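K.L.:
With the hints as extra help, turn the sequences into a complete structure.
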Amino acid sequence: GAGVSQSPSNKVTEKGKDVELRCDPISGHTALYWYRQRLGQGLEFLIYFQGNSAPDKSGLPSDRFSAERTGESVSTLTIQRTQQEDSAVYLCASSLSGGAVGELFFGEGSRLTVL
Amino acid sequence: GQQVMQIPQYQHVQEGEDFTTYCNSSTTLSNIQWYKQRPGGHPVFLIQLVKSGEVKKQKRLTFQFGEAKKNSSLHITATQTTDVGTYFCAGFSGAGSYQLTFGKGTKLSVIP
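Chains as they are written, first to last, in the numbering used here: chain A, 48 to 162; chain B, 1086 to 1197.
Honestly, the hints are just simulated from the structure, not real lab data. This one's a predicted model, so the numbers in the text were calculated from it and none came from an experiment. Each residue gets a CB set at the ideal place from its N, CA and C atoms; glycine is no exception. Be careful, since some hints might not be right.
Unchecked claim - Incomplete in silico selection of chain A near chain B, CB under 10 Å:
#: 1; residue: Y82
#: 2; residue: G87
#: 3; residue: Q97
P.N.:
Laid out in structure tokens, this is it:
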């Protein structure tokens, strides 16, 4: 596709349920990032993938959060037993290569609301 | 861990006035990037600075990277209503880290 695609765009769930958020990066981009943005706040780093390995998982807030990436393509962010504080926009970004070498292209985000 | 502070948090200007946002890192940066997020939108890349003391211009926007590579600024001359949005700096420390750490952003409102 032309850009980074994320789904679902909106997700409303009940506290305690699991959710999966999907990211399709730009074809050929080896680096993939997940960020969380709470309402009116900045971007909070969650995890970085280079290819299908995750050399930096330091931003995952708890063991309820996990992410995987298949090949150099789709990534899934899973939140188990969701809590109200998980409500936020989850942004995925891809980059041609990892590290400090270039711009991140962001998707439109997945807005998660936990009731 | 690395922290990136950005001030001010909010700025309201009259159309035609200038605007500046400042970014400070707790550690020396390998590079710094700037992004703009329009209301309801996603962050869009503006520019990357790599060299100590670097200055880059994009039309009415001027970006600077400090000599010590720990601070940066974005200056907009003669703001227009199309400049409305939140401006984020994002720093990469290198040294084995893969995190691009974002500041909290400066939200710019332009009064016509």
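K.L.:
Okay, which hints does this one fail, numbers in order?
P.N.:
none
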